[in-house]
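Colleague: Sequence:
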Amino acid sequence: MERGGAAALACTFRSSSPSPSPVSHWRPLLHSRIRPSATARAPHFLPPTTGRRCSYYYIQKRFLDTSKGLKRFSLTTSSSFGRPGVSLNDDDLVKDKLLIDCGEDQDCVLDGIVALGKFDALHIGHRELAMHASKSGNPFLLSFVGMAEVLGWEYRPPIVAHCDRKRVLSSWATYCRNLVPLEYQVEFSKVRYLTPHQFVEKLSADLRIKGVVAGENYRFGYKASGDAAELVKLCEEFGLSAFIVRSVMDTAKRSYNGASPAVNSSDKGQVSSSRVRHALSVGDIEYVSKLLGRKHRLVLTVSEYSLKERKNIIVPKSCMLNMPPADGFYENCELFNGGYLGLCRVVINTETIDIEMKDESSLPPNPFQEDQLLGIEFG
Numbered sequence: 036m037e038r039g040g041a042a043a044l045a046c047t048f049r050s051s052s053p054s055p056s057p058v059s060h061w062r063p064l065l066h067s068r069i070r071p072s073a074t075a076r077a078p079h080f081l082p083p084t085t086g087r088r089c090s091y092y093y094i095q096k097r098f099l100d101t102s103k104g105l106k107r108f109s110l111t112t113s114s115s116f117g118r119p120g121v122s123l124n125d126d127d128l129v130k131d132k133l134l135i136d137c138g139e140d141q142d143c144v145l146d147g148i149v150a151l152g153k154f155d156a157l158h159i160g161h162r163e164l165a166m167h168a169s170k171s172g173n174p175f176l177l178s179f180v181g182m183a184e185v186l187g188w189e190y191r192p193p194i195v196a197h198c199d200r201k202r203v204l205s206s207w208a209t210y211c212r213n214l215v216p217l218e219y220q221v222e223f224s225k226v227r228y229l230t231p232h233q234f235v236e237k238l239s240a241d242l243r244i245k246g247v248v249a250g251e252n253y254r255f256g257y258k259a260s261g262d263a264a265e266l267v268k269l270c271e272e273f274g275l276s277a278f279i280v281r282s283v284m285d286t287a288k289r290s291y292n293g294a295s296p297a298v299n300s301s302d303k304g305q306v307s308s309s310r311v312r313h314a315l316s317v318g319d320i321e322y323v324s325k326l327l328g329r330k331h332r333l334v335l336t337v338s339e340y341s342l343k344e345r346k347n348i349i350v351p352k353s354c355m356l357n358m359p360p361a362d363g364f365y366e367n368c369e370l371f372n373g374g375y376l377g378l379c380r381v382v383i384n385t386e387t388i389d390i391e392m393k394d395e396s397s398l399p400p401n402p403f404q405e406d407q408l409l410g411i412e413f414g
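Just so you know, our numbering puts 362 at position 327 of the sequence shown, and the rest follows in order with no gaps.
Source of the hints: derived by calculation from the structure; they are not laboratory data.
Remember, predicted model here, so these are calculated numbers, not experimental data.
Be careful, since some hints might not be right.
Unchecked claim - The calculated lysine-lysine pairs, modelled on DSS-like cross-linking and capped at a C-alpha distance of 27 angstroms, are: (1) K258 / K132; (2) K325 / K153; (3) K153 / K132; (4) K201 / K225; (5) K153 / K303; (6) K288 / K330; (7) K268 / K303; (8) K258 / K237; (9) K225 / K132; (10) K258 / K225; (11) K153 / K201; (12) K325 / K288; (13) K258 / K153; (14) K153 / K237; (15) K132 / K346; (16) K170 / K153; (17) K268 / K237; (18) K393 / K346; (19) K303 / K288; (20) K201 / K170.
Stated by the list, open to error - FRET-style restraints, in silico, Cβ to Cβ: (21) V317 / K268: 40 to 46 angstroms; (22) S282 / S205: 20 to 26 angstroms; (23) A287 / V185: 30 to 36 angstroms; (24) A183 / A287: 26 to 32 angstroms; (25) L145 / N384: 30 to 36 angstroms; (26) K288 / D142: 40 to 46 angstroms; (27) E272 / G414: 47 to 53 angstroms; (28) D362 / S224: 31 to 37 angstroms; (29) K268 / Q407: 26 to 32 angstroms; (30) D140 / K258: 28 to 34 angstroms; (31) R254 / E395: 48 to 54 angstroms; (32) S397 / Y228: 51 to 57 angstroms; (33) V185 / T286: 33 to 39 angstroms; (34) D394 / K258: 52 to 58 angstroms.
Ideal Cβ positions, reconstructed from N, Cα and C, are used throughout, including at glycine.
Make the full structure from the sequences, and use the hints.
Modeller: This is the structure:
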């Protein structure tokens, strides 16, 4: 693929379905079913808005931008009364409210069933939790965010772009009694020091949910001191239903160079976000699709393009919003810009993502608008 007339970009940040399958019969490992009681409401800030803009600088023959990888950004919030935005780490944040992207009443998950976890990949194991939550009420995902910053972990790009999560969750409706699971975030720093008892008490008193769903390996409370059995016991105490679901196991059992990868110390052969990351890192797209239950979509921000051949698009890696597969050549990909653009081949290099459309006519004269999101699905 030629690169003449490529566009170099610099990125800055600014505020801003799978095929249906029969639902298998589910039998929870542990459960209790008691309805919760309502409690008083309290104020909270409205959700943050984030995004990213890419600015183009046109050149000829060679690509000048040398920035690599994805960049981190900070979240901001604003109150429902129009107060200026503040950092999520600002002392002015209301610290006693769990949901950072819900209104001041904190009633977004009222009377719902919440699946608990860190839903990075939105893989088939996570989908299983949402499916079972839908059996007893309106399904919600309660995602814990900010763990890397609090615990000092090295930054890793998300597997699913933040702006793409609603699309993925919408595709789960087939498995969830035609209900689309909604996702709300809990800032990890707000619950880090809570005991298991205090954590469940907050779920009951602050969010007024009807019940919880968690995997059999779920740990919670300060220093992960609570397990699934204790979650059931505490939910009974506070009048909540509790459903513990068996892990979805990785039946593909992929190995590389004759050996299975050592994912992490808690790996017992179950589908996990760590397995998805490893499969992406080695470019095993077929395996990634099995773990996710769908094709992996890489999302990029573009505003326009300038290339020598009209069917070719070159975008720098600095404009990626989530984790790509390993550098290499990928056939049978599909390109989206809100709608379907067509089939393409993709070459991921050290600095750029080169897209070649199989049909030149599939690209209109000006397919991208300001801050357009461009999605590549790897087949």
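Colleague: If any of the earlier hints don't hold here, list their numbers in rising order.
Modeller: As far as the earlier hints go, 15, 25, 29 are violated by this structure, in ascending order.
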